[in-house]
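J.: One letter stands for each residue in the lines below.
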Amino acid sequence: MTIDQDTIRHLSEASVSIELETEDMTLNIGPQHPSTHGVLRLVARVDGERVHDVQPVIGYMHRGYEKLSEVRTYPQITALINRIDWVSGYANEIPFIVAAEKLMELEVPERAQYIRLILTEMARISSHLVFMASYPLELGAATPLFFALRERELILDLLESVTGGRFHPNFNRVGGVKPAYGSGSSTRKLVQDLPAGFLADTRTAVGRVTEAVDQLEDLVAGNEIILARTKGVGILPPEVAAAFGVSGPNLRASGVRFDLRKAEDYLPYDRFDFEIPVGKSGDCWDRWWVRLVEIRQSVRIIEQAIDGIPSGPLQAKVPKVIKVPKGETYVRAENPKGEMGYYLVSDGGSGPYRLKIRSASFSNISILPWILEGVLVPDIIAIMGSLDFVLGDVDR
Amino acid sequence: MPDVILDLFSNFWVALVGKVLLVALMIPLIGMVIGFAEMKLSAKMQNRVGPYFAGGRWGWAQLIADGVKFFQKEDLIPADADRPVFKTAPIWVLVGTVALFVVIPFGPDLIFRDLSVGVFYALAISSISTIGVLMAGWSSANKYSLMGGLRAAGQLIAYELPLVLAVVGSVILAGTLSMSGIVEAQIEAGYPYIIFQFVGFAIFMIAALAELTRIPFDMPIAESELVMGYLTEYSGFRFLFFFLAEFANMFTMSAIAVTLFLGGYWLPGFSESQLAYLGPIFLMAKVFVLVFVMIWFRWTFPRFREDQLQSLAWKWLVPLALANILVTATFKVVF
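From first to last, the protein sequence lines stand for chains A and B. Using the numbering used here, the first residue of the first sequence is number 1277, and each one after it goes up by one. Using the numbering used here, the first residue of the second sequence is number 139, and each one after it goes up by one.
A hint or two may mislead.
[Claimed, not checked] Partner residues aside, some chain A positions facing chain B, computed with beta carbon under 7 Å:
hint, residue
1, 1303
2, 1306
3, 1308
4, 1325
5, 1414
6, 1416
7, 1417
8, 1419
9, 1422
10, 1470
11, 1498
12, 1502
13, 1503
14, 1650
15, 1654
16, 1657
[Unchecked claim] Just so you have them, the derived chain A footprint on chain B, three or more residues with Cβ under 8 Å:
hint, segment
17, 170-179
18, 354-363
19, 438-449
The hints are simulated quantities; they were obtained by calculation from the structure and are not laboratory data. No residue lacks a Cβ here, since even glycine has one placed at the ideal position from N, Cα and C.
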């Protein structure tokens, strides 16, 4: 057998290139890992500390809520969708209930709308405070966690006093909000309203949240190491963010002034005076900063809403068995994590024919393979934490 | 009766056993005290109560209970682990710490062995524990452990240099490498060297934090990235060894800093005979001030990134330490 010159050269080159090639290590981050916010799995191909590519693997948290809601009635579904983004359970209910009301052409009483708005903003504050707590922890600083969670507890206590639940309020009804204190039973009619002193307590609580936010800004923003770890890390340009469907604070951090509270009319936000913070460069630092400012803006909205809350009924007139007329609609809302939308298809029954849930975190983490390419291993955590997702919101 | 005891201790072997026992008891004791201080102080800094129930009051027995718990645990070794290396790694980490106790002067005559190259010995021996860390990371057959071990090795190489260069200033001023000699030189001069060697002291403390792999330099452990780094696969009493070594190392590193820069066992206004029995107390007090600062740092700062740590060492600490040596030497020659 003869081997020609070309083949020999080819073979020798091949052996050389094999010798010089160092193998990448496949690092499996998760599903059980301290900083993946639940059960996200990342398959990272790393060369030392340098990440070549990352593939997120989702589905460990899938609970089939879209399918389950097809066999449940409208009042039952709020109990399910509370658990999509459990950090801000209350905010999840709003777009779904509004979608059902839109198809039924119900006029929701003003007071109920204000209560919804106040509680939604409180859910936003509590969700952002969780981010303020967990993000420095992921960068290695354990102490801000306690400062942020302490004030969050005030908010959760107030949420509980109104709704009965800290995380899963299950408070909205089609046509209004749930009457308080066991009212609604046919034998005993109680006053259907907020608990006594709630508005005053809320004003005190948001005042303390403002103080805590100032403290957190001192503690975190004044820290050189945090700045070194987050500035210029994980830059997300606005066009890329929009192309991947990133929404919420992550989109605004990239400099896009887009907030569904201004763009849509699911709650009467147009009556309030608040600003939409936007970042400059779209790095991890901006994503942290946008959320910090959003807490302050939420406090502003709550204070205005407490001043202007009208009196009146909490429920519109609705039939005993809620049946939504045939039709379909899409309602989206600005949730703490981003755009949350429900595409509701009704065939006229007491439950939806089909419910498509557009959750914010799912679209937000679709950016991971793009944004994590070529970063260092510690930056995986810094960037992933700054996107602020919840696995229940990813997998539904 | 005292004569009998003194005669007994003048026997080399009896004295040796006594000294070994003393160190062997000191390390767990110091580890427990510092560990408890860390628990309570971190709780204070974070609006918590900290350990509360163990022991009946303030949870003082928490660390004892933890120790007992660690000994009861199963000694797990991963199936793919390099067994002998995995088993001996914690010992090496602790050996480095124990060996450091040799040259720390607790009082005028209270030193286990006053080596003429004490400073050199201390700096050399303190690196042994990093070898233990590297062994632990390598032998665990875990990718997170491996990365943690490699980070620790990189950190050692980067920070050994500023650590060594930082103490040169003190050595130049004292004109000796012996640890007790340096303290005596400070007593003679009448001031602790930190007054002229503040830069050296600051560099030494930063580098010591990096050697101890404590926040802000805890990348080898980095629980939010590497789970627990090289400690991931350890459990039971082997984990306890690492745990003890960390706290005992905080003590020894602080003790070296105190000896070189803060006057060791000496406080102004005390005669040598008074220092003979008050010295250890002064030394401990100074050491615990530095340990407190380390704990304070840990619960305030986040951690650096690996490349930032390297650039801090090579671009800032090493040139600064070299400049410090230059200035110190010039002053020594001129004045």
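J.: Using Cβ atoms only, decide whether residue 1503 (chain A) comes closer than 7 Å to chain B, and label the hint accordingly.
T.: violated, 10 Å
J.: Quick check on the hint: residue 1325 (chain A) CB to chain B CB, less than 7 Å?
T.: holds, 6 Å
J.: Can we keep the residue 1308 (chain A) interface hint, with Cβ of chain B closer than 7 Å?
T.: violated, 9 Å
J.: Does the nearest C-beta of chain B fall within a distance shorter than 7 Å of the C-beta of residue 1419 (chain A)?
T.: holds, 5 Å
J.: Once the shortest beta carbon distance from residue 1502 (chain A) to chain B is found, is it less than 7 Å?
T.: At 6 Å from the nearest chain B Cβ, residue 1502 (chain A) passes the 7 Å test, so the hint holds.
J.: Please check whether residue 1417 (chain A) passes as an interface residue: C-beta within 7 Å of a C-beta belonging to chain B.
T.: holds, 4 Å
J.: Does the closest beta carbon of chain B sit nearer than 7 Å to the beta carbon of residue 1654 (chain A)?
T.: holds, 5 Å
J.: Is the interface hint for residue 1414 (chain A) satisfied, with its Cβ closer than 7 Å to some Cβ of chain B?
T.: Holds. Min distance 5 Å.
J.: Please count how many residues of the segment 354-363 of chain B have a CB within 8 Å of a CB from chain A and say whether that reaches 3.
T.: Answer holds; 7 residues pass the 8 Å Cβ test.
J.: Restraint: residue 1650 (chain A) near chain B, CB-CB cut 7 Å. Satisfied or not?
T.: violated, 13 Å
J.: Taking the least C-beta to C-beta distance, is residue 1498 (chain A) closer than 7 Å to chain B?
T.: violated, 11 Å
J.: Any CB of chain B closer than 7 Å to the CB of residue 1470 (chain A)?
T.: violated, 30 Å
The structure fails hints 2, 3, 10, 11, 13, 14, 17 (numbered hints given earlier, in ascending order).
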